[in-house]
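K.L.:
So the protein lines, in turn, are chains A and B.
The first sequence stops at residue 521 when you use full-length UniProt numbering, and every number in between is there.
The second sequence stops at residue 183 when you use full-length UniProt numbering, and every number in between is there.
If you are wondering where the hints come from, they were derived from the structure by calculation, not from laboratory data.
One thing to keep in mind: the hints can contain errors.
Calculated from the model, a selection of chain B residues having no Cβ within reach of chain A, i.e. all distances over 12 Å [unchecked claim]:
#1 Leu35
#2 Arg36
#3 Asp43
#4 Glu83
#5 Thr138
#6 Asp139
#7 Val143
#8 Asp171
#9 Arg177
Stretch-level coverage of chain B by chain A, calculated; a stretch enters the list once three of its residues show a Cβ under 8 Å from a Cβ in chain A [claimed, not checked]:
#10 61 to 72
#11 88 to 98
Cβ atoms here follow ideal geometry from the backbone N, Cα and C, with glycine treated the same way.
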Amino acid sequence: MSNYAESLSHLDSYISARVPVIAMRTIEQQRALRLLREAATQSRRSSMPFWIYTRATGLRDLRTNAPVQDDRSLAGAMDFAAAQFGSRPNATIVFVDPDELESDTPVTRHFAELARLADSNMGSIVLITDTPIWSGLQRLGMSLRLDLPDSEEMYGILSGFLGDHHGHIPIEWTEEDARRAAEFLSGVTEAECVNLMATIAAKGAIRREDVLGLAQAKDRIFSDLTGLERVHLKQSDYAIGGLTGLRTWLERKHDMISRDLRHTALRPPRGVLLVGVPGCGKSLSAKAIAHDWQLPLYRLDMASIHGKYLGESEGRFREALAMADRVAPCVLWIDEIEKGLAGRDDMSGVPQRIIGQFLYWLQESQSRAFVVATANDIRSLPPELLRKGRFDELFFVDLPDAQDRKEIIRIYHHRYLQAHPDPEQLDRLVDLSEGFAGSDIEAALHDVGEEVVRRGGIDRLKDSYVMDTFAQVRPLSVSNPEQIEEIRAWGRERAVPAGRAAVTPVPGDGGRTRRIVFMDE
Amino acid sequence: MTGLWGDGGPYQAWVGFLRRWAALEPADPAGLPALREEQYDSDTWVRLTEHLTSALNTRLVTWAEHLVRALNGTRDEFSWGRELAQARTGLHTVRALAAHPGLPESLRGRLAELVDDQITQVQAQLERNLEDEIRRGTDPRLVERRRRTLRDNDLTATFTVRPAPDAWAYDPAAPPRRRIVPE
Numbered sequence: 001m002s003n004y005a006e007s008l009s010h011l012d013s014y015i016s017a018r019v020p021v022i023a024m025r026t027i028e029q030q031r032a033l034r035l036l037r038e039a040a041t042q043s044r045r046s047s048m049p050f051w052i053y054t055r056a057t058g059l060r061d062l063r064t065n066a067p068v069q070d071d072r073s074l075a076g077a078m079d080f081a082a083a084q085f086g087s088r089p090n091a092t093i094v095f096v097d098p099d100e101l102e103s104d105t106p107v108t109r110h111f112a113e114l115a116r117l118a119d120s121n122m123g124s125i126v127l128i129t130d131t132p133i134w135s136g137l138q139r140l141g142m143s144l145r146l147d148l149p150d151s152e153e154m155y156g157i158l159s160g161f162l163g164d165h166h167g168h169i170p171i172e173w174t175e176e177d178a179r180r181a182a183e184f185l186s187g188v189t190e191a192e193c194v195n196l197m198a199t200i201a202a203k204g205a206i207r208r209e210d211v212l213g214l215a216q217a218k219d220r221i222f223s224d225l226t227g228l229e230r231v232h233l234k235q236s237d238y239a240i241g242g243l244t245g246l247r248t249w250l251e252r253k254h255d256m257i258s259r260d261l262r263h264t265a266l267r268p269p270r271g272v273l274l275v276g277v278p279g280c281g282k283s284l285s286a287k288a289i290a291h292d293w294q295l296p297l298y299r300l301d302m303a304s305i306h307g308k309y310l311g312e313s314e315g316r317f318r319e320a321l322a323m324a325d326r327v328a329p330c331v332l333w334i335d336e337i338e339k340g341l342a343g344r345d346d347m348s349g350v351p352q353r354i355i356g357q358f359l360y361w362l363q364e365s366q367s368r369a370f371v372v373a374t375a376n377d378i379r380s381l382p383p384e385l386l387r388k389g390r391f392d393e394l395f396f397v398d399l400p401d402a403q404d405r406k407e408i409i410r411i412y413h414h415r416y417l418q419a420h421p422d423p424e425q426l427d428r429l430v431d432l433s434e435g436f437a438g439s440d441i442e443a444a445l446h447d448v449g450e451e452v453v454r455r456g457g458i459d460r461l462k463d464s465y466v467m468d469t470f471a472q473v474r475p476l477s478v479s480n481p482e483q484i485e486e487i488r489a490w491g492r493e494r495a496v497p498a499g500r501a502a503v504t505p506v507p508g509d510g511g512r513t514r515r516i517v518f519m520d521e
Numbered sequence: 001m002t003g004l005w006g007d008g009g010p011y012q013a014w015v016g017f018l019r020r021w022a023a024l025e026p027a028d029p030a031g032l033p034a035l036r037e038e039q040y041d042s043d044t045w046v047r048l049t050e051h052l053t054s055a056l057n058t059r060l061v062t063w064a065e066h067l068v069r070a071l072n073g074t075r076d077e078f079s080w081g082r083e084l085a086q087a088r089t090g091l092h093t094v095r096a097l098a099a100h101p102g103l104p105e106s107l108r109g110r111l112a113e114l115v116d117d118q119i120t121q122v123q124a125q126l127e128r129n130l131e132d133e134i135r136r137g138t139d140p141r142l143v144e145r146r147r148r149t150l151r152d153n154d155l156t157a158t159f160t161v162r163p164a165p166d167a168w169a170y171d172p173a174a175p176p177r178r179r180i181v182p183e
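Chain A with its partners taken away, still in its complex shape (with noise of 0.2 Å):
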């Protein structure tokens, strides 16, 4: 049942109880005013009177829209209500969104004793407000919440949307492409829906790319991101070389991103989790996942989660999640999430509750928040974390082997040196490289490019300069072969490869000896 259809239900009964106070909990005045009107015209109720209340508009009746009194102040309506529920029965006033409900104020007070009132002669007040309402008040009736729209309403309103200009603009959409929008729509409200569509309509077309548009559009909604930060992709982001492994698993998993995935019972795919060696490609594997997917990218910093005042660090991690749930479909970024679950042993109790918190999200979230974490520092990881169902999967990121590194070799030459290399100078850098991590290849050839403008083009470099550049790294595999060794260890036993199946030996580990040839020999 949809979130309106079950409001309805429950309002459908309060009404019928004739509970005095009904309050409604919602950001959508119109979609509740809705729900009510639904609720007041059903024939069965044709003899009850209802009327609504709203600042702008005073005294009306609901049903006709007539207004009822000249004056439109909340106390005239609050008098009107009072003659009313003292001269007949089922008498039904509705206020929308009156002020200072939140705290024990003199309106609540007459609220209070207007509800008393209408308890008297079955007579009923029901309060539309998007804040929460003094616990006085409260007890004296019932509550309900209309969440946003869910995809099967928001469906509805696409479809609205789409039959008012059908023959207006060309439209590309099937009714599978509306579902899918329907899904990647969810968390917005139905005004914020009705402006996302109109302004892609007002482009003069409604085209089919325009439903992953949608996603990347939707953050633009929201003013304040609450505990994330939306990552803006640079073209350099993109290109990732090696993990292949990784990049044939995501393969599976795009397609189940967008999926319609309501007459299954399946949920959208949860995440990964990325650990291993430093500076392979686990930060850079989220960014290139975000531009694969054509999803908007949104980092979440564990350090910044943590505040000084009880509760608050879980206060500020929760709003976080909620926050990602709201922009979903997205890529989550979390980056070293082990520098924020650590400490399990900590007497505070905080990152045992925020491990808690975060547990229950992956577990329960129906979002398309497709979550990217990485990790380093895989001892401090609880392991509940680790285990199946938490993320789709784990993976380990080791040192690229020859292959992957001659495609990393390839993507920063061109990017650095705005040439690629001959197949006769890649060979033997790849030979040079080995035990490189990604970025160790990344920051030789940085300041190769960095030369070649210092001199003036790539013409004026020798070859050796390249080479010697790479001779002269050395690579956290050499300098702590005892730190990369633990978490290849590591991740032999519990992880699957990120690249391909085999891991990469350690220089002197395997007892493979390596020979620096420059050009000039």
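Go by the hints and put chain B onto chain A.
P.N.:
Using the frame of chain A, we list chain B on its own:
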């Protein structure tokens, strides 16, 4: 009982209407018959005009009470101005009755003058209240801002501004529907 007294005629129709109208009960002035002074003896006509002035006076007093209560309930400048602007709706209703086409023209003129004079007095009273605020030591800048709001939403504007045909008669429950305007 027949003829004039059988159904009370125009006199009874008017008096019945005025009683309901003064008590803010549902009453529609559209169907009221025309009154001619020569139809009635002078005492009857005086009684009828007294009913009229009394009903108008009662409505104006009620209106003023509602206005004062509404103004006192506001907490910001916008709401104060909005209450003034919305209060004009009640004044339009009173002025419309004073100018009812079923009334003789000379009477209409006198009643309209009476009503407008009262409205002018309320506006003047609100202005005097602001002067009192200054004497009581209220920040002159706040008083000046309020004076501006009062004059921007002048009640006597009802003399010149025709009532809009129910400007807020939109359907607040209608779903948002839109069709874009292509370039």
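K.L.:
Work down the list of hints and note, for each, if the structure agrees.
P.N.:
Okay, the hints, checked on the actual structure:
Distance to chain A confirms B:Leu35 as a non-interface residue, since its nearest Cβ pair spans about 24 Å, more than 12 Å. A cut-off of 12 Å between C-beta atoms confirms that B:Arg36 is not in contact with chain A; the least separation is 30 Å. Listed as outside the interface, B:Asp43 is consistent with that label: its C-beta sits roughly 33 Å from the nearest C-beta of chain A, beyond the 12 Å cut-off. At roughly 6 Å, the least C-beta separation between B:Glu83 and chain A is not larger than 12 Å, which violates its mark as non-interface.
Here B:Thr138 stays apart from chain A, with its beta-carbon at least about 22 Å from theirs, past the 12 Å limit. Annotated as non-interface, B:Asp139 keeps its C-beta farther than 12 Å from every C-beta of chain A; the closest such distance is 24 Å. Here B:Val143 stays apart from chain A, with its beta-carbon at least about 23 Å from theirs, past the 12 Å limit. For B:Asp171, the non-interface assignment is contradicted: its Cβ lies about 6 Å from the closest Cβ of chain A, within the 12 Å cut-off.
With a least beta-carbon separation of about 6 Å from chain A, B:Arg177 fails to lie farther than 12 Å from that chain, contradicting its non-interface assignment. Check result for the stretch 61 to 72 of chain B against chain A: holds, 4 residues qualifying (beta carbon to beta carbon below 8 Å, three or more required). Here the stretch 88 to 98 of chain B counts 3 residues with a CB under 8 Å from a CB of chain A, which clears the bar of 3, and the coverage holds.
Checked against the numbered hints listed earlier, the structure breaks hints 4, 8 and 9; every other hint is satisfied.
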